[in-house]
Every structure is written in structure tokens, then in C-alpha cells.
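J.: Taken in order, these protein sequences are the chains called V and P. Mapping to the working numbering: the first sequence position 304 is 393, numbers consecutive. Mapping to the working numbering: the second sequence position 69 is 86, numbers consecutive.
Calculated from the structure, these hints are not laboratory results. Errors might be hidden in some of the hints.
[As the list claims (entries may be wrong)] Just so you have them, the derived chain P footprint on chain V, three or more residues with Cβ under 8 Å:
{"id": "1", "region": "107-114"}
{"id": "2", "region": "131-138"}
{"id": "3", "region": "149-158"}
Every residue, glycine too, gets a C-beta built ideally from N, C-alpha and C.
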Amino acid sequence: MGIGEYLYYHYAYNDIVAKEQQEVQKSAQELLMQLKRIHQSFQPSINLPKLKNANYAIYDIDKNYLFGTFQPHIALKVGFLSQNNRLYLIQKVQPHYAGAAYMVIERPFASEALDNLRKWLFLFSLFALFVIVATAYFLGKLFLAPMKEAMVLLDSFIKDATHELNTPISVILTNLELFEELYPECKAQELKRAELAALKLSKIFKNLSIVQLRHQVHKKVISFDLATILKERISYFEALAKAKEISFKLDITHCTIEADKEDVETIIDNLLSNAIKYSPSKKEISVSLSCKQLCIEDQGIGIEQDKLDKITKRFFRAESQEGGFGLGLYIVDRLCQEYGWRLSIISQKEKGTKVCVLW
Amino acid sequence: MRLVVVLAFTISALSAAVLEQTCDRCHQKQIPYTMIYKRALLLYSSKSRIKKYLCDFLTNPSAPSSILPPGLKRRFDPSTHPIFDKATACKAIEELIEKEDIIKKLQP
């Protein structure tokens with residue numbers, strides 16, 4: 090559109106200039122006729138020629154000013170000249186009627202026509218911009234409507250599914266615990282696997298409920314010993330770690346913090362779960378807790394440097410071979426932000442990852 | 018005051034006499050000064066050039082340097098024209114230019 094406007098402007102501008110030049114040339118012809126009349130006159134007194142809507146100046150061959158209705162301050166170079174909103178035509182006179190060798194015709198340039206042209210182009214640009222924006226908005230809305238609808242449906246489905254999953258997961262876990270208490274002598278592998286699967290399901294449920302139902306959860310901020318919770322969660326994940334023959338190296342000191350216990354459990358669970366998930370068999374996971382930070386370090390597959398910035402984004406997964414939804418670190422980061430804590434992730438590909446929460 | 022007027026009249030009369038003394042004395046018919054001046058104006062445009070070319074002609078008259086149209090050149094052979102000294106010739110031409118100046122006739 091810009092190119093079109095530019096071309097049109099040039100075309101219209103040249104058209105205006107050509108019309109103006111034609112008018113000046115007409116004046117020049119008229120003046121030439123009048124010079125001839127003066128030259129042929131034998132009257133003792135002759136009227137000075139006058140031009141309609143134009144001024145003129147006559148010069149002899151040595152470029153001395155002879156007569157005219159104005160005295161221009163321009164170089165006598167034959168041709169058209171546009172200067173200070175005025176159009177000049179400098180033309181040679183041959184034969185030299187009344188001694189004239191050069192004539193200069195001056196007309197005010199059609200600045201009004203040019204102003205009108207610019208004004209209309211500006212208004213047209215505004216109108217075209219408005220039409221483009223309106224069309225883009227309408228089309229965008231039209232094309233994005235199905236996508237938006239799908240996202241709303243997906244959100245609604247996850248919300249409903251999360252809500253519906255709560256009861257069966259709780260029933261499975263409660264019954265498994267009850268079964269273990271009622272029949273402590275039963276140590277069947279099948280039962281252990283069922284418990285692990287139920288724990289995994291419970292973790293997924295918890296993450297989804299944090300993402301989807303966060304605004305509905307009331308936080309209960311209390312002061313508690315983080316070491317106790319950390320040890321509890323490590324023992325909770327021991328079954329999962331044992332399945333991969335992974336051991337824990339602990340360096341835990343007592344530390345009291347103020348937070349919602351469930352949030353802290355979620356942070357620890359996600360970090361431990363990731364460490365176990367991405368560690369090969371027979372490796373070690375270091376867990377250290379001081380009054381300043383909690384660090385969990387694995388000897389797993391690590392994360393590529395270019396992916397570290399995006400690792401806390403929702404649904405982003407650095408490694409797609411392992412299962413998961415890409416929510417773990419997103420939830421940890423979000424919870425850390427809520428409490429004003431800092432999340433630090435240091436990783437080297439094929440060597441391991443160290444994740445620290447600093448408060 | 019009277020003296021100034023008398024002096025001015027005398028000078029004017031003396032200077033106006035150059036054309037009469039140098040030209041009208043020999044030419045039997047009245048010389049068409051206006052036509053000559055307009056012819057020169059048409060060819061040379063500026064006063065300085067008219068003066069130069071006409072002075073040159075009067076000091077060294079010849080057919081090529083004459084401004085007359087070809088027909089008149091044949092009728093009035095320029096080579097038979099008397100030769101003037103430069104000062105007299107230029108004075109006469111200046112007088113002609115002053116007398117016939119077309120610009121002076123223009124009225125606003």
C-alpha cells in the first residue's frame with residue numbers, strides 16, 4: 090500500500106508540475122507576442138506588457154536587466170526552475186524583439202494543489218490503516234475462535250478430571266495402606282508396584298490440581314522444621330528409588346521456615362521425583378539442607394545449556410524419553426515466586442543437575 | 018539658472034548635431050534611424066554590442082559588416098560609404114541609441 094501511495098503521489102505531483110509548466114509556457118508565448126508588438130511599434134509611447142497571473146523580466150544578450158514586472162535573483166540558466174514555492178521559466182528570445190535575449194517568467198507554484206494532494210493521501214492512509222486493523226482484528230477473532238474454544242474445553246476437562254481423580258486415588262492409597270497394616274506378613278512385589286503406581290498417580294493429580302485449582306486453595310502458613318518434612322518425603326520416595334537401585338546421600342541440618350506445608354512438600358516431591366526419574370540406575374542423589382538453602386543433586390542425564398532458560402516454562406520438557414507433563418519445575422518455580430524464594434538450576438549434560446531453593 | 022539652461026541647450030544642440038553633420042549632410046533622403054536602430058536591436062540585443070558593431074561598420078564599412086538586408090546591401094553598396102574616425106562614429110551611434118531607445122518609450 091505504501092509503494093502504491095508513493096507511486097500515486099509521484100504521478101499526481103508530476104501531473105501538477107506539468108500543468109504548471111504548461112501555464113508558464115503559455116505566458117511565455119503571450120509575452121513573446123507582446124515583445125514583437127513593442128518592437129514593431131512606431132508610437133512614441135508604448136504600454137509595458139502585462140501578464141495574467143505571472144510576472145516577467147526581460148534581459149539583453151549581456152544579461153543586463155531591461156524591463157519587466159519584477160527583478161528575480163536567480164541565475165539565467167535556460168529551463169524550468171522551482172524555488173521558494175515559485176516556478177520560473179527562463180527562455181531565450183530569438184530574434185531579439187525589443188532587444189530581449191532572455192525572458193524570465195515567474196508564477197506561484199501550485200502549493201494549494203500539492204497541499205490538497207498530501208492531505209488526501211494522509212486521510213486515505215488513515216482510512217486504509219483503520220480498514221486493515223479492523224479486518225485483521227475480525228479475521229484474527231474468526232480464526233482464533235476454534236483454538237480458544239479448544240483451550241477452554243481442555244482447561245475445563247483437566248479441571249473436571251482432576252476433581253474426579255481425587256476420590257479414586259485417595260481410595261486406592263488408603264486401601265493399600267490398610268492392606269499393609271492388616272496383613273504385614275504379605276510382601277508381594279505386585280502390591281509394591283501397585284503402591285508405586287498409585288503414588289505416581291497421586292503426584293500427577295497433585296501437580297494438576299496446583300496448576301488448575303490453585304486459586305481455590307487456601308494457604309495455611311505456619312512455622313515448622315523443614316528437616317522433618319524433608320526426611321519424611323525422602324522416605325516416601327525410597328520405594329521409587331529402590332526400584333532403580335538409587336541411594337540418597339543426606340546432609341541435613343535442622344531449619345525452621347514459615348510456609349504452607351503442602352507447598353513445601355510439593356517442592357520437595359517434584360525435585361526428588363525429577364532427580365530419581367532422570368538418574369540412571371545405581372546412582373546417588375545428594376540432598377543437603379542448611380538454614381539458607383535446600384539442594385538436590387543427581388548424577389543423571391543433565392540439561393542442555395540452551396534449554397536451561399526454558400526449563401521452568403509450563404509444559405516444557407528438556408527430555409521427552411521419560412514420561413511426564415512438563416509441570417514439575419514450573420510448579421516449583423511458581424511456588425518459589427509466591428514465597429519470594431530463588432530457584433537455582435545448574436546442570437551439565439550427561440553429568441547431572443543440581444537444583445537449589447534459596448530463601 | 019539662465020546660464021545653466023543656456024549651457025544645457027547648447028550642449029544638447031551640439032551633440033544632436035553629430036548625426037546631422039555626419040549622416041544627413043550626405044544622404045539625400047531622410048535616413049530611417051528608427052528602422053536602423055530596430056534592425057540593430059533585433060540582431061545585437063544590447064546597447065554595448067550595437068555600439069560596437071555599428072562603430073566598427075562606420076570606421077570600416079564593408080558588405081559583410083553591414084546590418085542591411087541582402088537586397089538593400091546590393092542597392093546601397095556599403096563599401097562606397099565614407100569612412101569616419103572612431104570618435105565621430107561612436108558619438109553618432111551613441112546619439113542614435115539615445116534617440117531611439119525603445120525602453121524609454123515603455124510606460125507602466
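J.: Looking back at the hints listed earlier, which ones does the structure fail to meet?
T.: Violated hint: only 1; rest satisfied.
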